[in-house]
Amino acid sequence: NAGVTQTPKFQVLKTGQSMTLQCAQDMNHNSMYWYRQDPGMGLRLIYYSASEGTTDKGEVPNGYNVSRLNKREFSLRLESAAPSQTSVYFCASRDRARGLVEKLFFGSGTQLSVL
Amino acid sequence: GESVGLHLPTLSVQEGDNSIINCAYSNSASDYFIWYKQESGKGPQFIIDIRSNMDKRQGQRVTVLLNKTVKHLSLQIAATQPGDSAVYFCAESHTGGFKTIFGAGTRLFVKA
Chain A
1 NAGVTQTPKF QVLKTGQSMT LQCAQDMNHN SMYWYRQDPG MGLRLIYYSA SEGTTDKGEV
61 PNGYNVSRLN KREFSLRLES AAPSQTSVYF CASRDRARGL VEKLFFGSGT QLSVL
Chain B
1001 GESVGLHLPT LSVQEGDNSI INCAYSNSAS DYFIWYKQES GKGPQFIIDI RSNMDKRQGQ
1061 RVTVLLNKTV KHLSLQIAAT QPGDSAVYFC AESHTGGFKT IFGAGTRLFV KA
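Chains as they are written, first to last, in our numbering: chain A, 1 to 115; chain B, 1001 to 1112.
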């Protein structure tokens, strides 16, 4: 039972470099999410995908793009990394098909540093 | 706008005592509230939830109280154990919606 798997776990980038964070879930969930966590600010929603084939902006989408590759996978791309994007990134999923079950299942996170 | 905040950023309790973590929310339209626990180096994990048509919900050693009049949420942990040391987040959501908004978190320290 892997749940939500994120890769890589750690990454260091130079300003201007690009990279893609990968996320996959094996729970057959419909909705998937990308959050970033900064000290003292809780988790902020970057983008989400309510279902396969759809994506929408969250609270802090600037500087990011996403792709819902299929029902299992949801990737987050930084086209030109900036120091302000240094953060811990969490992917999460949720099964909206189960009626009122609202809880999120999180991956273990990617710690990203942009120098 | 929507916001979910916490009264105290850090809470220190003695092992065996009860812990109370508080949270204030501002969006009157929110109808679903969740508590998550985050241990060091891990992602948040669901603890307990409550809907706005309830005032209280109990789980195993945890109780969530909701006061809609003052927009206040609390998490009570009975007989706190060292394994309860973590950061606790409250979060709000809307039934049928897709966004979950998180508060800043409270770090709970359990002293042996």
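Warning: the hint list may mix true and false statements.
[Claimed, not checked] Calculated lysine-lysine pairs in the DSS-like style (CA-CA distance at most 30 angstroms, straight line): (1) Lys57(A) with Lys14(A); (2) Lys1111(B) with Lys57(A); (3) Lys1056(B) with Lys14(A); (4) Lys1111(B) with Lys1056(B); (5) Lys9(A) with Lys1071(B); (6) Lys57(A) with Lys71(A); (7) Lys1056(B) with Lys57(A); (8) Lys1037(B) with Lys1068(B); (9) Lys71(A) with Lys1099(B); (10) Lys9(A) with Lys71(A); (11) Lys1071(B) with Lys1037(B); (12) Lys1037(B) with Lys71(A); (13) Lys71(A) with Lys1056(B); (14) Lys57(A) with Lys1037(B); (15) Lys1111(B) with Lys1042(B).
[Claimed, not checked] Only part of the chain A face toward chain B is listed, based on derived beta-carbon distances under 7 angstroms: (16) Pro39; (17) Leu45; (18) Tyr48; (19) Ala50; (20) Phe90; (21) Glu102; (22) Lys103; (23) Phe106; (24) Gly107; (25) Gly109; (26) Leu112; (27) Ser113.
Since the hints were made in silico from the structure, they are not lab data. Glycine is no exception: its CB is placed at the ideal position from the N, C-alpha and C atoms.
Here is what the structure says about each hint:
1. Lys57(A) with Lys14(A): This hinted pair holds, its Cα atoms lying about 25 angstroms apart.
2. Lys1111(B) with Lys57(A): Roughly 42 angstroms between the alpha carbons, so the hint for Lys1111(B) and Lys57(A) is violated.
3. Lys1056(B) with Lys14(A): Status violated; Cα separation ~49 angstroms.
4. Lys1111(B) with Lys1056(B): 28 angstroms, holds
5. Lys9(A) with Lys1071(B): 37 angstroms, violated
6. Lys57(A) with Lys71(A): 18 angstroms, holds
7. Lys1056(B) with Lys57(A): Status violated; Cα separation ~33 angstroms.
8. Lys1037(B) with Lys1068(B): OK: Lys1037(B) and Lys1068(B) at ~23 angstroms, within 30 angstroms.
9. Lys71(A) with Lys1099(B): 19 angstroms, holds
10. Lys9(A) with Lys71(A): Measuring from Cα to Cα gives roughly 22 angstroms; hence the hint holds.
11. Lys1071(B) with Lys1037(B): 21 angstroms, holds
12. Lys1037(B) with Lys71(A): Answer holds: Lys1037(B) to Lys71(A) is near 27 angstroms, not above 30 angstroms.
13. Lys71(A) with Lys1056(B): The hint is violated at about 36 angstroms.
14. Lys57(A) with Lys1037(B): 25 angstroms, holds
15. Lys1111(B) with Lys1042(B): 21 angstroms, holds
16. Pro39: 9 angstroms, violated
17. Leu45: Given a least distance of 6 angstroms, the restraint on Leu45(A) holds.
18. Tyr48: 6 angstroms, holds
19. Ala50: 5 angstroms, holds
20. Phe90: Since chain B brings a Cβ to about 5 angstroms from Phe90(A), closer than 7 angstroms, the hint holds.
21. Glu102: 5 angstroms, holds
22. Lys103: Holds - the Cβ of Lys103(A) comes within 7 angstroms of chain B, reaching about 4 angstroms at its closest.
23. Phe106: 3 angstroms, holds
24. Gly107: Holds. Min distance 5 angstroms.
25. Gly109: 6 angstroms, holds
26. Leu112: 15 angstroms, violated
27. Ser113: Ser113(A) check fails; min Cβ-Cβ to chain B is 16 angstroms, beyond 7 angstroms.
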